[in-house]
Structure formats: structure tokens, C-alpha cells
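Colleague: Here is how the chains run, residue by residue.
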Amino acid sequence: MKTGLVYTETVVHAAPEQFAADAPYQLAIVSLQEGGRVTVRILPESQRGGRVQIGDTVEWAEDRNGVPFWHKV
Amino acid sequence: MRDVAVVGLGKTAFGAFADRDLRSLAVEAGQKCLADAHVTPSKVEAFYLGNFAGPSFVGQNHLAPYIAGAMGIDGVPCTRFEAACASSGSAFYHAVASVAGGFNDVVLVTGVEKMTSQTTAKVTEILAGAGDTSGEVRAGATFPALFAMIARRHMYEYGTTREHMAAVAVKNHANGAKNPLAHMRKVITMEQALAGKPIAEPLTVYDCSLISDGAAAVLIVPLERASEFTDKPVRVLGTAQTSDQVALDAKDDITTFRAVRTAAEKAYKMAGVTAHDIQFAELHDCFTIAEIIATEDLGFVKKGEGGPYALAGHTGLKGERPINTSGGLKSKGHPVGATGVGQICDLALQIRGEAGERQLDRCWLGLAENLGGSGATAVVTVLGAA
Numbered sequence: 001m002k003t004g005l006v007y008t009e010t011v012v013h014a015a016p017e018q019f020a021a022d023a024p025y026q027l028a029i030v031s032l033q034e035g036g037r038v039t040v041r042i043l044p045e046s047q048r049g050g051r052v053q054i055g056d057t058v059e060w061a062e063d064r065n066g067v068p069f070w071h072k073v
Numbered sequence: 001m002r003d004v005a006v007v008g009l010g011k012t013a014f015g016a017f018a019d020r021d022l023r024s025l026a027v028e029a030g031q032k033c034l035a036d037a038h039v040t041p042s043k044v045e046a047f048y049l050g051n052f053a054g055p056s057f058v059g060q061n062h063l064a065p066y067i068a069g070a071m072g073i074d075g076v077p078c079t080r081f082e083a084a085c086a087s088s089g090s091a092f093y094h095a096v097a098s099v100a101g102g103f104n105d106v107v108l109v110t111g112v113e114k115m116t117s118q119t120t121a122k123v124t125e126i127l128a129g130a131g132d133t134s135g136e137v138r139a140g141a142t143f144p145a146l147f148a149m150i151a152r153r154h155m156y157e158y159g160t161t162r163e164h165m166a167a168v169a170v171k172n173h174a175n176g177a178k179n180p181l182a183h184m185r186k187v188i189t190m191e192q193a194l195a196g197k198p199i200a201e202p203l204t205v206y207d208c209s210l211i212s213d214g215a216a217a218v219l220i221v222p223l224e225r226a227s228e229f230t231d232k233p234v235r236v237l238g239t240a241q242t243s244d245q246v247a248l249d250a251k252d253d254i255t256t257f258r259a260v261r262t263a264a265e266k267a268y269k270m271a272g273v274t275a276h277d278i279q280f281a282e283l284h285d286c287f288t289i290a291e292i293i294a295t296e297d298l299g300f301v302k303k304g305e306g307g308p309y310a311l312a313g314h315t316g317l318k319g320e321r322p323i324n325t326s327g328g329l330k331s332k333g334h335p336v337g338a339t340g341v342g343q344i345c346d347l348a349l350q351i352r353g354e355a356g357e358r359q360l361d362r363c364w365l366g367l368a369e370n371l372g373g374s375g376a377t378a379v380v381t382v383l384g385a386a
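Sequence lines, in order, name chains A and B. For the first sequence, counting from 1, position 73 maps to 73 in the numbering used here; every step adds exactly one. For the second sequence, counting from 1, position 71 maps to 71 in the numbering used here; every step adds exactly one.
Just so you know, the hints here were simulated from the structure itself, not pulled from any lab data. Computed from a predicted model, the values in this text were never measured in an experiment. Do not rely on the hints blindly, as some may be mistaken.
[What the hints assert, rightly or not] One side of the interface only, derived from the structure: several residues of chain A facing chain B at Cβ under 10 Å:
1) Tyr7
2) Thr8
3) Ala15
4) Pro16
5) Ala61
[Said to hold, decoys possible] Among the chain B residues that face chain A by a calculated CB cut under 7 Å, a handful are:
6) Glu136
7) Ala139
8) Gly140
9) Pro198
10) Arg352
The C-beta atom is built at its ideal place from N, Cα and C for all residues, glycine as well.
Chain B on its own, in the form it takes in the complex (with noise of 0.2 Å):
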């Protein structure tokens, strides 16, 4: 296998765009990280997509060649990946696997959503299409009442708190409002967070992530040839996808995500680290109690200790392990196809020392983790500075 890198990177702005259509929002993120690597369309050997529900969202099939055509590629292979929430973590993963494989040598991966040209209840039920239709979603399961019940089952087992939850969106929230394409850069009081509207009791509002339009894009090249792209490459030490039970009711124990344990095993593996050496981390936080609970199945805090951990700082931008200094799903959004290419663009920003008022100091070993539905899907990053 052959060592991969990022070498270009492209963010659209997160948030509720009326005015723009999905392609070209996933155009201009493949616009702006092809420039940032300075290749032209035609140098781009296969074409790698993330996107959950664009033929529900706004009708529209085919999307891979759709997107690829509009930006000037063309007579590559061009394939739409569709792993719920972690759509574009798993386009990245098989677009990682071609280049590392040798079938590829530039690989544009994009992700995208178009989400908020449908009313929230609409939203809900589409979004709701990643569960099993035929027993939860019909007994009327939502994502945030499957997450409500996974954080019911968490605080009965656990002692795991309100509070501790709340603390996850204060502080998301508090980096969110430092990134300028964040979706929601508002800070949050815990007060707030505790009394907002009822979403899946005891979810409220503040525990639940944004719906979102956005995309973001990552161009990926064997090592060896990065430097013909960028002065700071970032390297793929590690990356794995695994898979579970779609229905949450199949789960042995929901207050754990198995296969985002059996993919950080496989990406730690894979990248020669444990869990201890990542200094900071992007986490699926789709819903508070998900981040609290990636921290634990991640290896970073004893089972249990999630919310707690949230709670004393640790994982605030002047903690010892800073956890989603984007801003996460919370507050940065998540437009639900471009997610998982988002958080790989994040932790790039971090080391290439590119994130402006969010810095780090010691960030040069980070870590992605990209859940679909209520974690039958799951894909574990590992980044380092090349």
C-alpha cells in the first residue's frame, strides 16, 4: 500500500442558503480545494462523493457525474457513496483505498447536502429513512428520539447528567462562534442550554445538530507525489470503516457505538498510535450524548467517564484534548452528506496551522469520527502532519 495525502482543501460557508442549489454548492467546494491545490479539473483521475438523500432532498439522481461535469471533469469514474450520516467518511475512506491501492493518483472527494429547502417535519422524516423503516422509524422513531433513548439508556447506566450534555453544546457552541463558515456562531449559557424547547425528552433543542446546506471537498494524492500539489501536506496515517445493526432496537447495548470502536481499533492499528497519542479530535456530536459517548468508544475516557470529562473542560480549546474546535454538528452545522469530508478539511486546518482564532498549539495527531444513522455505519480518521 502506498502512504496518501491530503493536499488541497474546500469549504463552502454551513448554513441555510435559499438562493443555492446543491450543485453548486458542491461546485464550489471542489472549486476552491482544487485552486488550493493548484490542479486544474482535468488533472483529476477519479471523481468520489458523499451526499445521504439528494434524490429526497431536492429530487435530483445521478449526482456524482452531475456534480463532476459542472466543475470540467470528465471521463472519470464518478460514484455517489450513501452511508447516512457518514456519507462522505466512507467516500473518503474508498477514495483513500483507490489512491493507497495505486488504481488512482488524484482523487477529488466532495461531500454535500441540500437540506433546508424542505420544512423541519419533512427534514425529519427523510432523515429518518436511515433508521429501519420497517420497525422503529414506523413505530414513529425520529434521530433525535432514537439519541434521546440512547442518552436515557446512558444516564440510567452511567449517572450521566443533563448537565453533562449541556456542557458539550456551551462549548461547541463557544468554538463555533470563532469559526467564520460555521452555521450558528452564537455562544450559549449552560442556563440556555438546559431550558431549551423539548426536541426527544431529555433532548432539547441545544443537544440536537443543525440542519444545514453546505459541502466541502478534500483532494487526496499518494505521498510521494504531494509536493507537486502543497508546501504542507497532511498525511492519512490511519482511516476504517466499519458497520453495526441499523435498528437501535438490534444493539446489544446502545449506551456504546461497536462500530466505532472495531473502526478506531482498525485506524489506530493502521496508523501505529493508541488512543492516547491523538491531541485533538473533530467527533460526530449529531446530538451531545453522541459526542460523550465517541470519547468513550474512542479509547479517550474510560466507559462512563464521557460526560464528566465534557464537563471539567477537557475537551474545551485550552484542554488537554480539544474536541471539535470547528465548532462540530452543533454549531458549525451539519449538512448531513458533507460531514464527514468537513471534519477531515478540519482537522487539515489544524495542522497545516491554518484555523485561525481556534489554534492549536500541539496539533500534529488528529483524529475523525463519522457516524451514520444511530452507528451502523462508522468511519475513524486518523491525520498527522507529513
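Isolated chain A (complex conformation) (with noise of 0.2 Å):
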């Protein structure tokens, strides 16, 4: 299991086009525990998600076309 540390993040208000219909979403650069860091989606409180902070420690939860979820341990 993946796992990491949140080293940034933002909620967008303003999506572009594609994601228009997801907004307000949580997005975070993840530092993760094996070296680099990534950016991802962070999976909303309805779906086992909730907002994170910088320090909180994340896991990935899945892959949705391509894109990493990742939620708060």
C-alpha cells in the first residue's frame, strides 16, 4: 500500500471543462514514503475521503482513468 505525506494541497473552486462537474475537489502534492512526490485527487467525505492538511499522512485508494485518489489514514 502506498503511502505518504501531504505537502501542499488546494480545494478547486474553478475546474477546467472536464472536471467542471467534480468541483469543489481536493487536490494534493503527496511526499511520498518511498522517495518523489506526486500529485493527486483526494477522495471527498462521502466516498471514505475528507479534507486533508500539510503533514497528514495519506494512502493511495485507487486509480480512476488514470488519475491516483488517495485518502487520509
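Once you've looked at the hints, go ahead and assemble the two chains, each given alone in its own frame, into the complex.
Modeller: What follows is the structure, encoded as C-alpha cells:
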């Protein structure tokens, strides 16, 4: 199971056309335990998720159309 | 290398112009510039164009000869430069290199973007193409989102606050209100800036630059020939372009723009000046946090002190180092491809003493910083009175 720490995050309100239906959604850059960083989506509360902050431990939940979704541990 | 001078300036107003197309904006700026330098199109030896996304915004490619041809510039090299929001800063850098190196004497550099014919969601999507579309953009990042994540980390590491960022917006709107060519000539209050609609938290609509149409142009020649064109030449003392990773998640430290630091080092060295000597600047405030970080990366203040420096008023029109007297991208507007050359025009206007209500007293050494993407391209230029 991939885990990491939230390096930074934002909640996007003004989305690009293809993600307009998802807004608002949280995006985070995660510092991976194995090294390196990755930009991921955070699962919303309605899907076993919830908002995360810098320093929170997060883990990979699933990939949807090639987009990694993570959630708080 | 030969010394280079800016001898002509031309700008359109920046704004949302439903009845104007890309070419007519670029032609207007170019013609104003040539008239300012008292030259005819037939004297132009090369045309350098900065444009980010004309093919996506208006469906036109092969833009440099398309615009040059409409101006009567013919039979010379006409080339488009694309470096995201630093497109025309990059065109300027390369044009200066061609004059300094002796390839050309009389070179027109124009920047243009026509953005407002698309919806905001579509513009957001096109702009996101300047990020890493295989990673961050695929995950849902927009440019406001990338700079929001930069802001969050800067707040976390240095205690920067939303008030610090709002102070940049208030100051730039106050300046832009005095600029007859600015897109949004509206004074705003700190309360308004803080209560703006969220775009990407913690950024509100007042932290974000505008979606604008517009064009800007400068004519450059060898300094030794400047008097043939103008009695108020402005000298290009130093200019440098550098690069960094495109993806934000590939950068070690996102609270600094490494490309800005390296470009500044080179430009300062070429100009024989230090950060301390710079009296005023046009900085790339695509988002308010970007102006704060630029003041740090350029060495105007220590790392982490950019926010308090802005809030204290040191960067205002009456401050110790005025920044974005034009109104910046925030209020003047940000027709992406026009921004880099627009900054050169605004610095030169001050140095020539033609900045009207915004005119500074101490303005013989100015700096422009033009940023592409989330910092993958930076162009830093130092201009001075000749």
C-alpha cells in the first residue's frame, strides 16, 4: 500500500471544463514514503475521504482513468 | 557583444474586446511602436513574436508571418516564441541576443494574446496546457490550483498570510486605476480582497490575474544607432532566460522559483548591478503569491519576508521600491503572450518619464521579471536610462 505525507494542498472551485462536475475537489502534492512526489486527488468525505492538511499521512485508494485518488489514514 | 537599446514602444489597451481579433491587436501595437520610433515597416530586419496559445484560443497558427505580413513587414525572419506566460519575455531575450550579436540592427518584438472569445472554463483548460498534462493537469490541476498549492506551502513555512497576499492585490489595483490602458481600473479595499469568491483555496478571485486581450511591442536597435530613432533611448543593461522543471511536483522547493533566481543572477551580472540597486520593477503577479515570492527570489528581501514587505507598503507608488506601477497582471491585465513585452514597455515608460499619474521620481534603473508556467521559464531583464 503506497503511503506518504501531504506536502501541500488546495481545494479547486474554478475547475477546467473536463472536471467541472467534480468541483469543488481537493488536490494535493504527496511526498511519497518511497521518495519523490506525486500530484493526487483526495477522496471526498462521501467516499471514505475528507479534507487533508499539510503533514497529514495519506494512502493510495484507487486509480480512476489514470488519476490517482488518495485518502487520509 | 553590442549594447542594445529600446527605441520604440507601442501598446494596445488590455481588456475584453469582443470586436477585436488577434491580428488587429498585434498590428495596432506594432504600428504604434514603429510610429514612436519614426520608422517604416520596410526598415524592420526581423520580427520576433511572443504568443502562448493562439492556435488553441483562436485557431490560427503560423502567427509571426501572419501578423508581419499585415503590417507590411516582408522578406525577413518572422518567428513565434512560446514559453507559456513568458512567451514574449522569451521573444525579447532572443531578439536582444540577435541585435547584440550583430545579426540584425532593427528588430520589432511583439507579444499578443486573444483570450476572451473562450469561456472561463475553456481558458482555464487551455492555460493548464502549460503544466504537465501527463501528471498534475490530468489529476485536475489548474494554474490557480498550482499557485494555491505554492501559497499554502509558503504560508506553512514562512507564516505568510492572506492579508499579505491581499495587500498585493490592493496595491496593484490602486496603480492600475491610474493606468489608462489597464483592463480593470478599479480601486479595491483589503476587506473586498479578503472576501473574494474562492477560486482555489486559499486564493480568491482577487488573488488571480485577469483573462485579457491585448498586445505590446518594442523596437530594439544597437545603442550606437539609437539616436536615429529617438532622443529618449532606454538601455538593455542585462537580460537572461533560464528554465526549471515543468511539473510543480518535480521541484524540490515550491516556495521559490529557481529559474527566477538563476535568471536574476545572470541579468544582474550582465548589467553590473545588484538587487539593492534596482529602484522599481514590473513583476509577474499572475497570482498575488507570485509577486511576493519574486521579491524574495530577486533578492529585494530575504526569503519569507516578501509578504510583510508588501503589507508594510514598501512596494507601493510612494514606497522604497515601487512594484508594478502599471497595475501588474492583476489590474493591468494578463493577455498571456503580451505580458513580457508589456512589462518592458511599462519600465521604459517610467524611465522616459511618460508614466503620467504613476510617474516615479527615482526610476533610472528598473527590472522586469516574466514567469512561464509554475516557474519552468523565467526571463529577467534590467533596463536603465541611456
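Colleague: Each hint: holds or not?
Modeller: Consistency of the hints with the structure:
1. At its closest, the beta carbon of A/Tyr7 sits 7 Å from a beta carbon of chain B; the interface hint therefore holds under the 10 Å criterion.
2. Interface restraint check for A/Thr8: the shortest CB-CB distance to chain B comes to about 4 Å, inside 10 Å, so the restraint holds.
3. Residue-level restraint check for A/Ala15 holds (minimum Cβ-Cβ distance to chain B is 7 Å; threshold 10 Å).
4. Interface hint at A/Pro16: satisfied, since its Cβ lies 4 Å from the closest Cβ of chain B, which is below the 10 Å cut-off.
5. The beta carbon of A/Ala61 is not positioned within 10 Å of any beta carbon in chain B (closest approach about 13 Å), and the interface hint is therefore violated.
6. Annotation: interface hint on B/Glu136 holds; nearest CB of chain A at approximately 4 Å, less than 7 Å.
7. Contact between B/Ala139 and chain A, as hinted, is supported at the beta carbon level, the nearest pair being about 5 Å apart and thus within 7 Å.
8. A hinted interface residue such as B/Gly140 counts as satisfied when its beta carbon comes closer than 7 Å to some beta carbon of chain A; here the least separation is about 5 Å, so the hint holds.
9. Residue-level restraint check for B/Pro198 holds (minimum Cβ-Cβ distance to chain A is 5 Å; threshold 7 Å).
10. Because the smallest distance between the Cβ of B/Arg352 and any Cβ of chain A comes to about 39 Å, over 7 Å, the interface hint for this residue is violated.
The structure does not agree with the numbered hints 5 and 10 stated previously, though it agrees with the rest.
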